[in-house]
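Undergrad: Model the placement of chain W on the given structure of chain B, informed by the hints.
Number of protein chains: 2
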Amino acid sequence: MGCPGGICIDIKIERMEQLNIIKIGGTIIDSIESLNDFLAEFSGLDGLKVLIHGGGRKATEIGGRLGIKSNYFDGRRITDQVTLEVVTMVYGGLINKQLVATLQSFGCNAIGLCGADANLLAATKRPVNEVDYGFVGDVKEQGVNSEMMKKILGLGLVPVIAPLTHDGNGLILNTNADTIAQEIGKALAKHYNVQIIYCFEKNGVLRFKDDEGSVIRRIEAADFQTLKAGKVISDGMLPKLENALKAVESGVQTVTIGKASNLLALIKAEAGTQISKAYL
Amino acid sequence: MGCPGGICIDIKIERMEQLNIIKIGGTIIDSIESLNDFLAEFSGLDGLKVLIHGGGRKATEIGGRLGIKSNYFDGRRITDQVTLEVVTMVYGGLINKQLVATLQSFGCNAIGLCGADANLLAATKRPVNEVDYGFVGDVKEQGVNSEMMKKILGLGLVPVIAPLTHDGNGLILNTNADTIAQEIGKALAKHYNVQIIYCFEKNGVLRFKDDEGSVIRRIEAADFQTLKAGKVISDGMLPKLENALKAVESGVQTVTIGKASNLLALIKAEAGTQISKAYL
Numbered sequence: 000m001g002c003p004g005g006i007c008i009d010i011k012i013e014r015m016e017q018l019n020i021i022k023i024g025g026t027i028i029d030s031i032e033s034l035n036d037f038l039a040e041f042s043g044l045d046g047l048k049v050l051i052h053g054g055g056r057k058a059t060e061i062g063g064r065l066g067i068k069s070n071y072f073d074g075r076r077i078t079d080q081v082t083l084e085v086v087t088m089v090y091g092g093l094i095n096k097q098l099v100a101t102l103q104s105f106g107c108n109a110i111g112l113c114g115a116d117a118n119l120l121a122a123t124k125r126p127v128n129e130v131d132y133g134f135v136g137d138v139k140e141q142g143v144n145s146e147m148m149k150k151i152l153g154l155g156l157v158p159v160i161a162p163l164t165h166d167g168n169g170l171i172l173n174t175n176a177d178t179i180a181q182e183i184g185k186a187l188a189k190h191y192n193v194q195i196i197y198c199f200e201k202n203g204v205l206r207f208k209d210d211e212g213s214v215i216r217r218i219e220a221a222d223f224q225t226l227k228a229g230k231v232i233s234d235g236m237l238p239k240l241e242n243a244l245k246a247v248e249s250g251v252q253t254v255t256i257g258k259a260s261n262l263l264a265l266i267k268a269e270a271g272t273q274i275s276k277a278y279l
Numbered sequence: 000m001g002c003p004g005g006i007c008i009d010i011k012i013e014r015m016e017q018l019n020i021i022k023i024g025g026t027i028i029d030s031i032e033s034l035n036d037f038l039a040e041f042s043g044l045d046g047l048k049v050l051i052h053g054g055g056r057k058a059t060e061i062g063g064r065l066g067i068k069s070n071y072f073d074g075r076r077i078t079d080q081v082t083l084e085v086v087t088m089v090y091g092g093l094i095n096k097q098l099v100a101t102l103q104s105f106g107c108n109a110i111g112l113c114g115a116d117a118n119l120l121a122a123t124k125r126p127v128n129e130v131d132y133g134f135v136g137d138v139k140e141q142g143v144n145s146e147m148m149k150k151i152l153g154l155g156l157v158p159v160i161a162p163l164t165h166d167g168n169g170l171i172l173n174t175n176a177d178t179i180a181q182e183i184g185k186a187l188a189k190h191y192n193v194q195i196i197y198c199f200e201k202n203g204v205l206r207f208k209d210d211e212g213s214v215i216r217r218i219e220a221a222d223f224q225t226l227k228a229g230k231v232i233s234d235g236m237l238p239k240l241e242n243a244l245k246a247v248e249s250g251v252q253t254v255t256i257g258k259a260s261n262l263l264a265l266i267k268a269e270a271g272t273q274i275s276k277a278y279l
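Chains as they are written, first to last, in numbering that gives the first Met the number 0: chain B, 0 to 279; chain W, 0 to 279.
Hints listed in this document are in silico derivations from the structure and should not be mistaken for laboratory results. Predicted model, so just to flag it, every value in this text is computed and none were measured. Each hint should be verified, as a subset may be incorrect.
[As the list claims (entries may be wrong)] Calculated cross-link-like contacts (lysine-lysine; reagent style PhoX-like; alpha-carbon spacing at most 25 Å):
no. : chain 1 : residue 1 : chain 2 : residue 2
1   : W       : LYS189    : W       : LYS267
2   : W       : LYS189    : W       : LYS276
3   : W       : LYS68     : B       : LYS68
4   : B       : LYS149    : W       : LYS150
5   : W       : LYS227    : B       : LYS150
6   : B       : LYS245    : B       : LYS149
7   : W       : LYS139    : B       : LYS149
8   : B       : LYS150    : W       : LYS139
9   : W       : LYS149    : W       : LYS230
10  : W       : LYS245    : W       : LYS189
11  : W       : LYS149    : W       : LYS227
12  : W       : LYS230    : W       : LYS245
13  : B       : LYS149    : B       : LYS230
14  : B       : LYS139    : B       : LYS245
15  : W       : LYS208    : W       : LYS150
Isolated chain B, as found in the complex (with noise of 0.2 Å):
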């Protein structure tokens, strides 16, 4: 084209492609019939898309069967020796593998994957301090192989992630499943446009406990420790709005929390809570 006397910069803007993580935790996978439904609208999402699942209920379940107690502290599963073998079953086989099946079934090329698998996730062993949680991982620095990742992506394949991750030296590691979508979102940010979806019971975070209707729609950094302050924010949503602050200050664009059966007005932010850094 050439740049006729004077000087010409060539400003390339790269429109990085739109990734979707979406992660479901137990209740959606406890009921078959709506996380059919849930599997088949997300078997129907364009474009790149992830699924990370937790699945206490059935481990817990298949656990006292077992004769093993599951113990928990903060509402975090303490995980012993017997624990382990549990939910390296239950995560990483039943509940994994029937997603899996169910999603082929919708034309959706899934492929079930743990942390140890082509070593996509690193963790170190949580330290004992107050707590002994027992086998638990905490993703490491770097812990995400997101080189890997975008190479599974590339070939058209859509991983479905169970809460599991390991440690190098041949334990595998239990992980909040909810920690494991914010750690891969942040991962990914610096490659692709990441969206991260959290799938609870709930219509989003609510202003009053037990009014559906009363929705937060957008929470930004700054109004957080006003609706922590105020107790608007407790319990378990603690954690999951604490992750989702971080991701969206680690490159995440939007963390939204809502219902399963809204996941296409979810993903459209039409429905949800929307957490981001900051509205421009």
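TA: Same frame as chain B, now just chain W:
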């Protein structure tokens, strides 16, 4: 280069890359120490490789603890609904992910998969004839997704495959690991120079049942009927050898049967029993 004054035929012989498909059964999986030795050796193997595993005893043990009785017919497990859940958990989760985590600790970039993942192994539920095997899958004609297998191998990953297939309608199915090795071997023989190694507890196919020194080093298709008629081959070895012969008749170069602790020697054809179509 040109071809002055004549007809020039340019023959290019492309040597196909070697692919070792190694199958381990329950006995090796049940002993942690020998399993670790095996996995260390497996990790050290050069070139493309796939690991396929069974896992009988662990499923029986967990099933037993869950109050489920394992039923067999002709050495094959009958898979009812609850047994299907157990094998999905134990094969697809517990064993598969522990193998992957251990291989990762040896620097082998393993990825644990079942037949539903990436639609790798499409199967049909076995029709009920004399016996109802329950949720057992027979791999479909063209049911091995060789293109995806090639792509996964192309990423430098080592597939670790659990003996589970799927019917494409959301159902996981239980499929014999020997058969999976054979089906994958046959399908990939079009793209690679395939060798299948079946590891089990004996030194190879024995001429005299209890004499580990009486390994038959080579069996060709023509020898099989003689050995069968002479009852040298019987029981569990019969389907193994029938599988092996089908594989070599369908393009697999060699099938080797031998002891897991001799892996390196088996691969170099220095131990075990080699089955091939014919020795030229």
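Undergrad: Of all the hints numbered above, which does this structure not satisfy? Sort the numbers upward.
TA: Violated hints (numbers, rising): 5, 7, 8, 9, 11, 13, 15; every other hint is consistent with the structure.
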